[in-house]
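Trainee: Below, each chain spelled out in residue letters.
Number of protein chains: 2
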Amino acid sequence: MRKIKLKIEYDGTNYHGWQIQKNVITVQETIEKAISKLLGNQVGIIGCSRTDVGVHAYGQIAHFVTDSKIPGDKFSYAINNLLPSDIVIKQSEEVSEDFHSRYSAKGKRYRYLVYNDAHASAIMKNRSYHVRPKLDIEKMKRAAKYFIGEHDFAAFQSTGGQVLSTVREIFSLEIEKKEDNIISIEVTGNGFLYNMVRIIAGTLVYVGMGRIDADEIPLIIDSLDRTRAGKTAPAEGLYLMEIFY
Amino acid sequence: MRKIKLKIEYDGTNYHGWQIQKNVITVQETIEKAISKLLGNQVGIIGCSRTDVGVHAYGQIAHFVTDSKIPGDKFSYAINNLLPSDIVIKQSEEVSEDFHSRYSAKGKRYRYLVYNDAHASAIMKNRSYHVRPKLDIEKMKRAAKYFIGEHDFAAFQSTGGQVLSTVREIFSLEIEKKEDNIISIEVTGNGFLYNMVRIIAGTLVYVGMGRIDADEIPLIIDSLDRTRAGKTAPAEGLYLMEIFY
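Chains A and B, in that order, give the protein sequences.
Per full-length UniProt numbering, the first sequence starts with residue 1, numbered consecutively.
Per full-length UniProt numbering, the second sequence starts with residue 1, numbered consecutively.
For reference, chain A alone in the conformation it holds in the complex (with noise of 0.2 Å):
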């Protein structure tokens, strides 16, 4: 048996997250579609990210196991032509027996895009999360310095993940101002707790607005205290970008 490798990007905003759940559409579910389709037989493909309903992907990595004698970087052409316009897989390449998307993943970056403006947009509905209040960009990136290293992130986490330890290393946390309005959180780490990305964006937004003190995160984070972060910023301005191996 062949392993292949696939990078996925999809808009989030018609599917109910990555996993397959009963009488709702995910992302994994149209895609093993596809991919049975085009093989003839049922197959099944591991994601890397269990992203949830409405988060965008650039850079999903997933793997799956067949015998065809497809060419691995021909997957992605043949898997497109059966798969709906905001689903697309933008690499596919045969890897090794032992190379698993969840297993052997180093890393991962992700963007959390903030719609900073008193009317909402037209063109990045769905694909960020607005905010009326004018955001102080100093502070929020006094604020990033923070989270960066290796820290207990518990207070960073929505119940209902399941892991052992909550301690994780971010690499780099970036705030930077884009045109439009925009304002672009993008953080790198070796793994992250159940929304953490989402709830680290709504504390920097927090502090943004000046509700939560830039220099009060490492108590925060000390605290292991989901209370006292800022709200889990919505699903929509989430994009995982890339996962390392």
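None of these hints come from the bench; they were simulated from the model.
Virtual Cβ for every residue (Gly too), placed ideally from N, Cα, C.
Worth double-checking, as some hints may not be accurate.
Said to hold, decoys possible - Below, simulated SDA-like cross-link-like pairs (lysine to any residue); rule was C-alpha separation at most 25 Å, straight line: (1) B:Lys177 with A:Gln19; (2) B:Lys125 with A:Ser68; (3) A:Lys178 with B:His16.
What the hints assert, rightly or not - From the structure, some residues in chain B lie toward chain A, with a derived Cβ separation under 8 Å: (4) Asp67; (5) Ser76; (6) Glu176.
Said to hold, decoys possible - DEER-style ranges, computed between Cβ atoms: (7) B:Ile46 with A:Ile148: 45 to 55 Å; (8) B:Asn23 with A:Lys231: 57 to 67 Å; (9) B:Lys106 with A:Arg132: 27 to 37 Å; (10) A:Pro218 with B:Phe171: 17 to 27 Å; (11) A:Asn81 with B:Ile46: 17 to 27 Å; (12) A:Lys231 with B:Phe171: 40 to 50 Å; (13) A:Lys106 with B:Glu150: 49 to 59 Å; (14) B:Asp136 with A:Ser96: 27 to 37 Å; (15) B:Ser85 with A:Ile148: 54 to 64 Å; (16) B:Ala105 with A:Lys106: 47 to 57 Å; (17) A:Lys106 with B:Asp213: 41 to 51 Å.
Starting from the known structure of chain A, arrange chain B on it as the hints suggest.
Mentor: For chain B alone, coordinates are given in the frame of chain A:
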């Protein structure tokens, strides 16, 4: 009577362009209905730019007259409550009687987004023009310079335009490679012929592909011959960014 100026953002995907037509839904009609509902009487609005089916806007400008007592800057909030989320009034203000959204305009800025990758984008679909062959940005930048200045742009006009003169001045034309495989073409000028920006974009894409030589642009402009320029790039990549008064 008071005159109110509106700045409008819209995602053009689900509209049959700006201008009211029979049997299809347009942006103008949708806004007129919202304002008419707000004010309790039939209101007509006059927009600056008759954007085509699928074209987007960050900065369309329109005006209407009313004897309503609503403060000028509050119309945006009141109208937005009655609009679908893919059309947003970003700003409203009372203007003097002699203001006219179309006739007072001194220039416009457009953006054209090309998505340049072997596979389409799930996230930028309907918001960019997907071009598969790798484009040579440096050639496109060299070609862009030739458009700047006052020229007769007859070669860059689709049939259907109703203008006396085809002379226009382009103030700037910037090509920039952005992240995530996006190439942005940003053009500012004192006015644009019918489909002019889309034909310039299509021509620059041909230059990037090597189908037209960069240094051929002056000859194409001088020819006044539409068949010499590149094809009209599709509507979904075009954004009306700003109108100057």
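Trainee: Evaluate each hint against the coordinates.
Mentor: Here's how the hints hold up against the structure:
1. B:Lys177 with A:Gln19: violated, 34 Å
2. B:Lys125 with A:Ser68: violated, 30 Å
3. A:Lys178 with B:His16: violated, 30 Å
4. Asp67: violated, 25 Å
5. Ser76: holds, 6 Å
6. Glu176: Since chain A brings no Cβ nearer than about 11 Å to Glu176 of chain B, farther than 8 Å, the hint is violated.
7. B:Ile46 with A:Ile148: 45 to 55 Å: holds, 53 Å
8. B:Asn23 with A:Lys231: 57 to 67 Å: At 45 Å between Cβs, range violated.
9. B:Lys106 with A:Arg132: 27 to 37 Å: holds, 32 Å
10. A:Pro218 with B:Phe171: 17 to 27 Å: violated, 50 Å
11. A:Asn81 with B:Ile46: 17 to 27 Å: violated, 45 Å
12. A:Lys231 with B:Phe171: 40 to 50 Å: holds, 45 Å
13. A:Lys106 with B:Glu150: 49 to 59 Å: Given a distance of about 56 Å, which is inside 49 to 59 Å, the answer is holds.
14. B:Asp136 with A:Ser96: 27 to 37 Å: Given range 27 to 37 Å: holds, Cβ gap about 36 Å.
15. B:Ser85 with A:Ile148: 54 to 64 Å: This hint is violated: roughly 36 Å between Cβ atoms.
16. B:Ala105 with A:Lys106: 47 to 57 Å: holds, 54 Å
17. A:Lys106 with B:Asp213: 41 to 51 Å: About 46 Å separates the Cβ atoms of Lys106 of chain A and Asp213 of chain B, which means 41 to 51 Å holds.
Comparing the model with each earlier hint shows violations of hints 1, 2, 3, 4, 6, 8, 10, 11, 15; every other hint is respected.
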